[in-house]
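**Student:** Protein sequences, first through last, are from chains Z and E.
Numbers 31 to 328, taken from the working numbering, label the letters of the first sequence in order.
Numbers 31 to 328, taken from the working numbering, label the letters of the second sequence in order.
What you were told as hints is all true, and nothing was included just to trick you.
Heads up, the list lumps identical chains together, so a pair's fine if it works in one copy or across two of them.
List of simulated lysine to aspartate or glutamate pairs, DMTMM-like, C-alpha gap at most 25 Å: (1) Lys62 to Glu108; (2) Lys258 to Asp312; (3) Lys292 to Asp253; (4) Lys201 to Glu159; (5) Lys58 to Asp253; (6) Lys144 to Glu119; (7) Lys43 to Asp94; (8) Lys292 to Glu164; (9) Lys137 to Asp105; (10) Lys49 to Asp102; (11) Lys292 to Glu159; (12) Lys258 to Asp315; (13) Lys258 to Glu91; (14) Lys258 to Asp66; (15) Lys201 to Asp253; (16) Lys292 to Asp312; (17) Lys160 to Asp315; (18) Lys292 to Glu162; (19) Lys160 to Asp312.
Simulated from the structure, these hints should not be mistaken for laboratory data.
2 protein chains.
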Amino acid sequence: MINRLDDLYEAIKQNPPKKIVIAAAEEKGIIKLVGDAVNLGIADFILVGDKEKIRALLIHEDIDYKNLEITDRPDHREAAEEAVKLVNEGKANVIMKGDLHTATFLKAVLDKNKGLRKGDLISQITVYEKMEGEGLQLLTDCAMNIAPSLEEKKQIINNAVDLALKLGYEKPRVALLSALEAVNIAIPDTVDAAILSKMADRGQIKNAVIDGPFALDNAISIDAARQKNIHGEVAGRADIVMVPNLQVGNALHKALTYFANKRIAAAIMGTTAPIVMTSRTDPVDTKLLSIALAIFVS
Amino acid sequence: MINRLDDLYEAIKQNPPKKIVIAAAEEKGIIKLVGDAVNLGIADFILVGDKEKIRALLIHEDIDYKNLEITDRPDHREAAEEAVKLVNEGKANVIMKGDLHTATFLKAVLDKNKGLRKGDLISQITVYEKMEGEGLQLLTDCAMNIAPSLEEKKQIINNAVDLALKLGYEKPRVALLSALEAVNIAIPDTVDAAILSKMADRGQIKNAVIDGPFALDNAISIDAARQKNIHGEVAGRADIVMVPNLQVGNALHKALTYFANKRIAAAIMGTTAPIVMTSRTDPVDTKLLSIALAIFVS
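Given only the sequences and the hints, what does the whole structure look like? Please build it.
**Tutor:** Next up, the structure:
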């Protein structure tokens, strides 16, 4: 069971080192991150991209590159395809987006024949620590799906439950978020939450206890749930919080960093191998934790 | 200029005491709050509701009620109408919702002939402190408007700007929030943000600098804005953050309390007198600060 984000680093070190392939690695921030991850001993890397630029950056950042594999693919589309191929061939365990457009990267990852598709949908999950000693909480989807349909929400839940199980939860508690805890026909999210809860009751979504709608307070605070007289296994004790749309997810993800100063790891689930897609503006700590999380679940 | 929430208490005490009328005050939490506010010296009260119950609660809570006016209106509709009437007659400066349904309370407040209507829309604003010494930030609308239209968003901005001006801002910086800082036709909020920004540029929304769309990070963090290469007066320095819908507002409001442990005051603007509508589950500190804020702007 992973109870703290730093536990990820410890857990990884119990196993033989795994490999991350980076598509289009020829960017200073990426190369610095590679150096940091190698120093921490959490991953080995295959760097795909413009070999000359990658080498120059490695030298400039004073990173010992003798143990790093570099594959020359200056073209972004080819770099993405090569990275996917290395995962499919078992030569890498995790794929990471480097300095190329998200669309170019995902096109290769989601290619129906040569890609890493598993289900129909990939989704993002933000992982952070609850209050001291209470374990991890997962927030989804903060980055990939703009306005998911009911069917897509079901898959977003499944992806998050998959991750929670890998982190050691036996039967994670999933809270479906809206602006309020009552079903209100004028707020379609609350209706979706009611439907998804019942689907889970009937075994149509497995390995999790699912309830909703909730407002954020009564999803994560037992006191707030009690004051509103909301009962059940999930109320106030959510392990997974599913937001109704990208606006809410993105705002909450940013609030965790900019209002609450919480440490964060981000995962992308729904493919045959974990994906790491960090943003240039993410703190280094977030980037390293996201790499560790991907390695851990791979 | 009000730079900290506690400054509200100090500022109020510079002026002769003002009066809050509470509709349906016959509830223990409300009466306790009245006692706390009287002890702090921030307001006088007129308690409208079931006189016998109110008296019994005042005695039970050991509150000196000799200086409190009590008006007997056991019926909720009548209590709300009486409270509104007292404001319209100049006998109270602020109206507060007691232990009655929100719909009953707002029906009296928004009555076209006898109510407290000013514009066409009332909206909620959450007020909290930025980082140490950087002043207050306003977040709107977290409670009233579910999915505001473009025209309604304009009025939500106007209500927040009104409040900011009263708090001492000369020309508040308004950031229009979405899930990202680019205009994306698939995300209608981003389009609304572009339109509203231009309306402000052309003087169609006054007394404020308005820009958007922003993601939360580049709205409130100068570093995040710089990293994304977003310029302008608002980027990273928002005084007012307008959310695209209630889901986002409610989640962020709750995140301020439950993730970030921030102190909060909540205002409702758009009427001829400020309204206080606290939730039973709000911390006492929030309730008192919200009363102080309403008194301050009245």
